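Generate coordinates for the entire structure from the input sequences, incorporating the hints supplied.
Chain by chain, the residues:
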Amino acid sequence: MRTVPISVTVNGEVRQAAVEPRLLLVHFIREVLGLTGTHIGCDTTSCGACTIHLNGKPVKSCTVFAVQADGAEIRTVEGLEQDGRLHPVQEGFWQEHGLQCGFCTPGMMMTAVALLEANPNPDEAEIRRAISGNLCRCTGYVNIVKAIRYAAEKMRQPEVAPAVAGGGED
Amino acid sequence: MIPGPFDYHAPRSLAEAIGLLGAHGFDAKLLAGGQSLIPMMKFRLAEPAVIVDLNRVPGLDGVREQDGQLVIGALAREADLEQAAVVATTYPILLDTALVVADPLVRNLATVGGNLAHADPANDHPATMLALGAELTATGPTGERTIPIDDFFVDTFTTALEPDEILTAIRIPRPAPRSGGAYVKFERKVGDYAIAGAAAHLTLDDDGRVAAVRIGLTNVNYKPMRATQAEAALLGQEPTEDAIRAAAQLASQECDPSSDLRGPADYKRAVARTVTARALRRALERARAA
Ligand SMILES: Cc1cc2nc3c(=O)[nH]c(=O)nc-3n(C[C@H](O)[C@H](O)[C@H](O)COP(=O)(O)OP(=O)(O)OC[C@H]3O[C@@H](n4cnc5c(N)ncnc54)[C@H](O)[C@@H]3O)c2cc1C
Ligand code: FES
Ligand code: FES
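Protein chains in written order, with this note's numbering: chain E, 1 to 170; chain F, 1 to 290.
Hints are computed from structural coordinates only; laboratory data are not their basis.
Remember, it's a predicted structure, so these values are computed and weren't measured experimentally.
Hints may be right or wrong, so weigh each one.
[Stated by the list, open to error] FRET-style restraints, in silico, Cβ to Cβ: (1) E/GLU159 - F/PRO163: 52 to 62 Å; (2) E/GLN82 - F/GLU241: 51 to 61 Å; (3) F/GLU47 - E/PRO5: 55 to 65 Å.
Every residue, glycine too, gets a C-beta built ideally from N, C-alpha and C.
Laid out in structure tokens, this is it:
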């Protein structure tokens with residue numbers, strides 16, 4: 001099978017591979033790069049579990065070919081935590097109980113991060129509109145909205161004491 | 001779901017893209033936002049041997065006003081329409097439409113051009129472009145030609161484009177004074193295709209009568225359609241509530257929906273009547289405010 005060389009910057013690191021043109025970006029991320037935080041829920045462009053940032057915009061990676069991402073910047077959920085510190089959106093989901101089974105969570109958080117980078121102080125309607133392409137079967141969305149509001153507030157504050165990934169209080 | 005295998009080309013110029021389409025004919029498919037094509041390839045409803053990716057062709061981006069027209073480039077995304085200030089101020093019917101296409105993640109990739117070129121009667125932009133009287137620029141091996149939107153939709157998933165032609169721009173005339181337009185869609189849930197949708201665009205004369213009107217309908221026919229009987233009933237009339245209801249009734253009779261998962265045909269006709277009336281009322285409000 002003919003392959004095409006691609007070079008993609010994923011979470012700040014340049015990654016190169018030879019891929020079949022029909023390889024979907026989500027399969028490239030999960031199976032070639034081993035970054036399994038990005039989930040596959042529906043495979044039909046409906047659920048948003050596969051949401052990643054492609055050149056800064058949140059998109060459904062099950063509906064992009066990996067070859068299309070040649071030369072692009074990609075951010076996945078693994079790129080949110082920095083130096084052992086949770087991203088404010090991750091912290092918000094933890095503090096506000098924004099997840100139950102957690103399956104939708106990586107995609108939901110990637111959409112939330114993109115929203116807050118574009119609009120630091122969204123109201124509830126704006127949050128709900130932004131996450132309307134991400135489906136959650138567990139939470140009923142109330143705590144997800146709270147988690148995003150928590151993160152928005154935190155991101156607007158000046159730096160305070162860091163939260164440590166995997167540590168801290170429950 | 002894994003799409004069938006294909007050869008991938010990412011041309012860097014329009015001429016190169018057209019050349020590739022010409023060389024491969026019906027075996028090739030153009031890829032824009034991929035939000036209709038890739039799902040179809042995953043279901044193997046489409047199995048093109050060659051993909052020509054339009055995304056690296058320069059000069060096709062953007063939404064701008066130029067020479068009294070709104071020009072939407074072939075690679076303008078739905079999200080670009082949502083963010084363009086001129087769309088919100090002067091072409092609110094386009095904003096109505098973009099905001100109900102799929103969901104924000106799909107809209108970051110899906111192009112307005114692809115929404116028309118796909119020619120799915122369930123897509124939302126065709127009705128709006130029919131109401132706006134858009135003109136489409138098609139570029140092929142011998143140059144450009146203009147296709148009026150009324151001639152563009154030939155059949156389900158079939159347009160007037162030749163296999164080696166690319167839809168390069170959508171041009172919309174700047175609305176005359178005292179004009180207004182609106183798109184109203186009724187769907188089962190956020191992000192779904194319409195049960196029925198209606199786009200209405202009208203212009204009032206100095207006496208407040210309807211000087212011009214165009215109505216497009218979504219997902220109630222084998223291809224996107226204009227409700228010409230409804231238009232004729234309104235033309236020259238005072239747009240009273242009774243006149244709007246009568247026109248909406250005509251629209252529901254002249255459309256031809258089929259029964260499917262979204263409901264039986266009779267129900268869809270009733271929805272078509274309701275959305276047509278709502279679109280006309282909102283268009284009228286906007287025309288009076290303009
Ligand atoms: C979950 C989901 C929900 C959706 N809901 C809606 C909805 O509610 N309303 C709606 O209107 N749409 C909806 N869509 C469709 C979406 O808007 C599509 O993206 C759009 O119809 C096609 O645009 P695209 O740029 O993605 O085109 P692509 O998928 O890239 O292409 C579609 C077709 O058009 C052709 N094409 C594309 N661009 C050109 C061009 N410039 N010249 C010639 N041919 C071209 C391609 O060859 C292909 O045959 C939905 C899609 C998904 C996945
Ligand atoms: S897996 Fe991509 S949208 Fe559901
Ligand atoms: S937490 Fe289970 S799907 Fe959202």
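Tested hints:
no.	hint	in the structure
1	E/GLU159 - F/PRO163: 52 to 62 Å	57 Å, holds
2	E/GLN82 - F/GLU241: 51 to 61 Å	59 Å, holds
3	F/GLU47 - E/PRO5: 55 to 65 Å	24 Å, violated
When held up to the earlier numbered hints, the structure conflicts with hint 3 and nothing else.
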